[in-house]
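**Student:** Protein chains in written order, with the UniProt record's numbering: chain C, 1 to 351; chain L, 1 to 269.
Fair warning: there could be bad hints in the mix.
Stated by the list, open to error - In the DSBU-like style, the derived pairs of lysine-lysine whose C-alpha atoms are separated by at most 35 Å in a straight line are:
id	chain 1	residue 1	chain 2	residue 2
1	L	K251	C	K224
2	L	K106	C	K2
3	C	K32	C	K60
4	C	K291	L	K183
5	C	K300	C	K274
6	C	K178	L	K183
7	L	K104	C	K344
8	L	K251	C	K274
9	C	K291	L	K106
10	C	K273	C	K138
11	C	K308	L	K104
12	C	K273	L	K104
As the list claims (entries may be wrong) - Taking CB as the label site, the calculated pair distances span:
id	chain 1	residue 1	chain 2	residue 2	range
13	L	E240	C	A67	22 to 32 Å
14	L	T102	C	S125	50 to 60 Å
15	C	N121	L	Q262	38 to 48 Å
Just so you know, the hints here were simulated from the structure itself, not pulled from any lab data. This structure is a prediction, so every number in the text was calculated from the model and none was measured. Ideal Cβ positions, reconstructed from N, Cα and C, are used throughout, including at glycine.
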Amino acid sequence: MKTDVIFIDQTLGYGLEHQGLGTSEFIYIQRKIAALAQVMFDVSLQSLVAVLDCGAVAVKDIRAGIAPDARQVALAHQSGCSKVKVNLNAMDFCNLAAPVAEALRQARARGLAVSLQLTGNCQYSSARLLQLCWLISKYEISSVAFVDEYSDHDPLFTYGALLNLQQQLPCPIEYCGKNGSGLATANALGAIKSGVACVAVAVGGVAGYPAFEEVLMGARFLLKLPLAVPANIATCCEEILSYIGQCVQPTKPIIGSDIFAHESGIHVDGVNKKSDLYEFFTPETVGLSRKIVIGKHSGKAAIELKLKELNIFLQPTAVLTVLEKVRSLAIRQKAPVSDLQLQKLVHEVAS
Amino acid sequence: MKIRIVDTTLRDGEQAAGLVFSQAEKLAIARALDRVGVFAIEAGTPAMGVEEQSALQAIVEAGLSARVIAWNRAVRQDILTSVQCGFSFIHISVPVSELHLTYKLKTTREAILQQLADSVAYARSFGCTISVGTEDASRADEAFFLQVAEAAARTGAEYIRYSDTVGCLEPLQTYEIMQRLVKKSPLPLEIHVHNDFGLATANTLAAIQAGVLMASATVCGIGERAGNAALEQIAGVLTELYGHETGIDRKLLPDLTRLVAQACQKNSQ
Chain C
1 MKTDVIFIDQ TLGYGLEHQG LGTSEFIYIQ RKIAALAQVM FDVSLQSLVA
51 VLDCGAVAVK DIRAGIAPDA RQVALAHQSG CSKVKVNLNA MDFCNLAAPV
101 AEALRQARAR GLAVSLQLTG NCQYSSARLL QLCWLISKYE ISSVAFVDEY
151 SDHDPLFTYG ALLNLQQQLP CPIEYCGKNG SGLATANALG AIKSGVACVA
201 VAVGGVAGYP AFEEVLMGAR FLLKLPLAVP ANIATCCEEI LSYIGQCVQP
251 TKPIIGSDIF AHESGIHVDG VNKKSDLYEF FTPETVGLSR KIVIGKHSGK
301 AAIELKLKEL NIFLQPTAVL TVLEKVRSLA IRQKAPVSDL QLQKLVHEVA
351 S
Chain L
1 MKIRIVDTTL RDGEQAAGLV FSQAEKLAIA RALDRVGVFA IEAGTPAMGV
51 EEQSALQAIV EAGLSARVIA WNRAVRQDIL TSVQCGFSFI HISVPVSELH
101 LTYKLKTTRE AILQQLADSV AYARSFGCTI SVGTEDASRA DEAFFLQVAE
151 AAARTGAEYI RYSDTVGCLE PLQTYEIMQR LVKKSPLPLE IHVHNDFGLA
201 TANTLAAIQA GVLMASATVC GIGERAGNAA LEQIAGVLTE LYGHETGIDR
251 KLLPDLTRLV AQACQKNSQ
């Protein structure tokens with residue numbers, strides 16, 4: 001496994017294309033995303049040109065997505081880009097059409113770092129792999145990105161296929177998972193585990209890319225890579241998403257506001273004794289806080305904990321009576337019991 | 001290959017903080033799960049109190065084709081309450097990681113094995129069919145998990161649930177662990193995972209690729225913290241990518257997910 005993972009962000013490009021971000025928003029979000037981890041931004045050339053027309057934007061970490069067309073290569077170069085990603089169908093590279101070959105030749109002549117993004121399945125025959133190797137060498141391709149276009153990869157396949165491709169190809173490999181089957185984060189981690197150092201991600205998993213925050217946290221805590229996770233990652237991701245018109249679901253892994261909310265008796269008792277019994281990472285790791293919810297599934301320990309917070313003392317038998325009333329009220333109102341309601345119940349029992 | 005889906009929307013799903021299903025909603029969801037074709041419905045925890053018992057009794061008496069299971073701690077009174085509710089399928093859960101044994105229950109491996117054996121025997125004495133759950137198995141010593149499986153098998157349990165309680169598995173690791181356990185476990189395995197890293201579907205799938213034939217899930221992936229593996233996603237992936245049979249009628253899933261989504265709406269106070 002490479003310890004130096006580069007996250008290829010798709011959030012900014014999505015924001016430009018779908019939310020029409022202005023230059024100042026573009027710069028702000030770019031900075032925010034860059035603070036999450038080591039990042040390169042994939043942005044379509046068309047969107048990039050539009051934002052460049054509106055003011056100064058640093059293109060250093062931006063890679064322009066282009067069609068295999070010499071005019072687009074020239075435009076990317078004029079725009080100050082040093083990196084381009086050329087989209088190629090996996091079937092096309094075997095018999096390169098003249099304009100495609102010319103685009104690659106132009107890119108090479110202009111000193112651009114060219115990545116090929118290959119759509120289609122990444123299981124190639126030996127003959128096709130040889131052709132790909134030839135193409136990489138002839139046009140000095142910097143990297144090849146494999147895309148799970150139809151969301152039909154699973155982590156075992158991704159791991160095995162990319163391990164094999166890394167042994168066969170004379171340039172670094174990138175992986176771009178898609179979440180149509182709910183496996184995007186897992187596939188990105190499978191790619192990293194196979195040795196791939198560059199994976200496509202998008203904050204909150206927008207546009208069906210692997211969720212940036214999940215891949216970063218997974219790489220850090222499950223694959224144990226020495227990556228730093230910003231302590232404010234949850235609020236940072238929420239803010240980025242708000243700029244592109246997205247909101248965070250309360251139970252969204254890593255950044256959802258309710259992922260440290262506990263109600264069930266066993267869990268509240270557990271986190272009260274030792275938080276890692278029911279939390280693999282602490283709320284502070286991602287900049288969230290723990291919530292104890294009182295409701296239908298509460299147990300005695302949760303009521304005792306809440307009463308302590310509210311500076312209320314009750315005899316153990318009275319706590320059990322309050323607990324019964326709490327459960328009953330939560331069922332009746334089909335919602336948790338608020339502190340005020342709990343205090344009223346305590347008053348009823350005490351009097 | 002036939003994969004059996006054990007739905008736990010009404011038990012682990014409803015444990016999502018702040019969520020309450022009414023008795024009528026629980027029954028309607030159970031009926032809808034049955035229509036969809038799940039192998040089993042983990043309906044809830046009778047030990048939670050009389051109102052829950054009443055809701056669960058209604059599900060038990062609904063004459064569903066799916067198994068209707070009660071979740072229990074390894075505690076005689078809990079099991080008795082489940083039996084009195086009319087359950088004949090009893091799930092008994094014990095924690096198995098050192099972390100849980102030491103800090104939650106302040107007990108030992110030997111004591112938990114004994115407690116489990118006593119509980120299974122007690123439930124069996126009522127003629128119940130037993131499944132055993134192993135809380136926090138993904139952070140437990142594999143050898144101890146197998147000891148628990150052996151104890152469960154000896155006392156007559158039918159299958160054992162491997163729980164990734166805090167959602168800390170990643171798929172390649174899941175695959176390796178499950179490959180070993182499928183070979184060594186004296187009981188068939190059920191995989192039960194949480195979605196803390198967004199990997200619940202992938203971990204369930206990896207376990208099945210390793211030979212596990214039962215998977216736990218909840219509708220819309222509802223559950224503690226970031227939730228559980230989502231039934232509709234698991235059923236889709238298993239069928240679409242691998243051609244496995246799940247018994248799930250996917251045409252009926254939109255109605256089911258709509259029903260659960262509606263039931264998840266909280267009343268404003």
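**Student:** Indicate, hint by hint, whether the structure satisfies it.
**Tutor:** Evaluation of the provided hints:
1. K251/L <-> K224/C: Not satisfied, since the Cα-Cα distance of roughly 41 Å exceeds 35 Å.
2. K106/L <-> K2/C: 41 Å, violated
3. K32/C <-> K60/C: 16 Å, holds
4. K291/C <-> K183/L: 41 Å, violated
5. K300/C <-> K274/C: 17 Å, holds
6. K178/C <-> K183/L: With Cα atoms ~33 Å apart, K178/C and K183/L stay inside 35 Å; holds.
7. K104/L <-> K344/C: Holds. K104/L to K344/C sits at ~31 Å (cutoff 35 Å).
8. K251/L <-> K274/C: 44 Å, violated
9. K291/C <-> K106/L: 25 Å, holds
10. K273/C <-> K138/C: 63 Å, violated
11. K308/C <-> K104/L: 20 Å, holds
12. K273/C <-> K104/L: OK: K273/C and K104/L at ~7 Å, within 35 Å.
13. E240/L <-> A67/C: 22 to 32 Å: 31 Å, holds
14. T102/L <-> S125/C: 50 to 60 Å: About 54 Å separates the Cβ atoms of T102/L and S125/C, which means 50 to 60 Å holds.
15. N121/C <-> Q262/L: 38 to 48 Å: Roughly 40 Å apart at Cβ, these two residues keep to the hinted range, so it holds.
Consistency with the previously given hints fails for numbers 1, 2, 4, 8 and 10, ordered from lowest to highest.
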